[in-house]
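On the provided structure of chain V, position chain F as indicated by the hints.
Number of protein chains: 2
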Amino acid sequence: MKIVTDHLHKAFESRIRLGIMSVLAVNDMLDFNTLKDYLDVTDGNLASHLKALEKEAFIDVKKSFIGRKPNTKYFMTELGKKAFTDHLKALEKLIKSQQ
Amino acid sequence: MKIVTDHLHKAFESRIRLGIMSVLAVNDMLDFNTLKDYLDVTDGNLASHLKALEKEAFIDVKKSFIGRKPNTKYFMTELGKKAFTDHLKALEKLIKSQQ
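So the protein sequences, as listed, match chains V and F. Each residue of the first sequence is one higher than the one before, counting from 1 in the UniProt record's numbering. Each residue of the second sequence is one higher than the one before, counting from 1 in the UniProt record's numbering.
Each statement offered as a hint is correct.
Repeated chains share a single entry, so a pair holds when one copy, or any two copies, can fit it.
Here are the simulated DSSO-like cross-link-like pairs (lysine-lysine), alpha carbons at most 27 angstroms apart as the crow flies:
hint: 1; residue 1: Lys63; residue 2: Lys51
hint: 2; residue 1: Lys96; residue 2: Lys73
hint: 3; residue 1: Lys36; residue 2: Lys96
hint: 4; residue 1: Lys10; residue 2: Lys51
hint: 5; residue 1: Lys93; residue 2: Lys10
hint: 6; residue 1: Lys96; residue 2: Lys10
hint: 7; residue 1: Lys55; residue 2: Lys82
hint: 8; residue 1: Lys36; residue 2: Lys10
hint: 9; residue 1: Lys96; residue 2: Lys82
hint: 10; residue 1: Lys81; residue 2: Lys10
hint: 11; residue 1: Lys81; residue 2: Lys36
hint: 12; residue 1: Lys55; residue 2: Lys69
hint: 13; residue 1: Lys93; residue 2: Lys36
hint: 14; residue 1: Lys10; residue 2: Lys89
hint: 15; residue 1: Lys82; residue 2: Lys51
hint: 16; residue 1: Lys93; residue 2: Lys81
Keep in mind that the hints were calculated from the coordinates and are not lab data. What you are looking at is a predicted structure, and each value in this text was computed from that prediction instead of being measured.
Just chain V, with the same shape it has in the complex (with noise of 0.2 angstroms):
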């Protein structure tokens, strides 16, 4: 007898983490500052949840210059869409039997 948070993914529990990769799915590069302005975030704390979603490759960054500052800029995986389109349609899923 199982229910449906089965196909709900770990790495997406935190609210944090869903608004990171929310906001990654409609942008296709943010960079950290613009990612704290979105998710009105402490720098520690975003740069935790990155971090966490970086090593499940479901986020990877990308490092340039822009003039002599470094940049790095932050982009979904293809792993990582199909992780949270997955993760959205159980959610979605879970809603519809709560109906």
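Relative to the frame of chain V, chain F by itself:
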């Protein structure tokens, strides 16, 4: 610039807590073992998540006896129903923002 994860409740971040609420939303009262069957979790894990939801006053317990055996049943409070509904609405909004 804030996004749609704003109204997600921290108490429901865990899949197990989401599962408990989902199951209690469609079953008036359930005992520990039935919940455990539904959610496929260990005793300790379930107990700690139940305690967390009880602390938020989102669920409550009713203690009785079946013969001489104590029987504890869990149910969702009005506050819990409201919070869970709001959480599902916020999730629905997040999903729609991605479609």
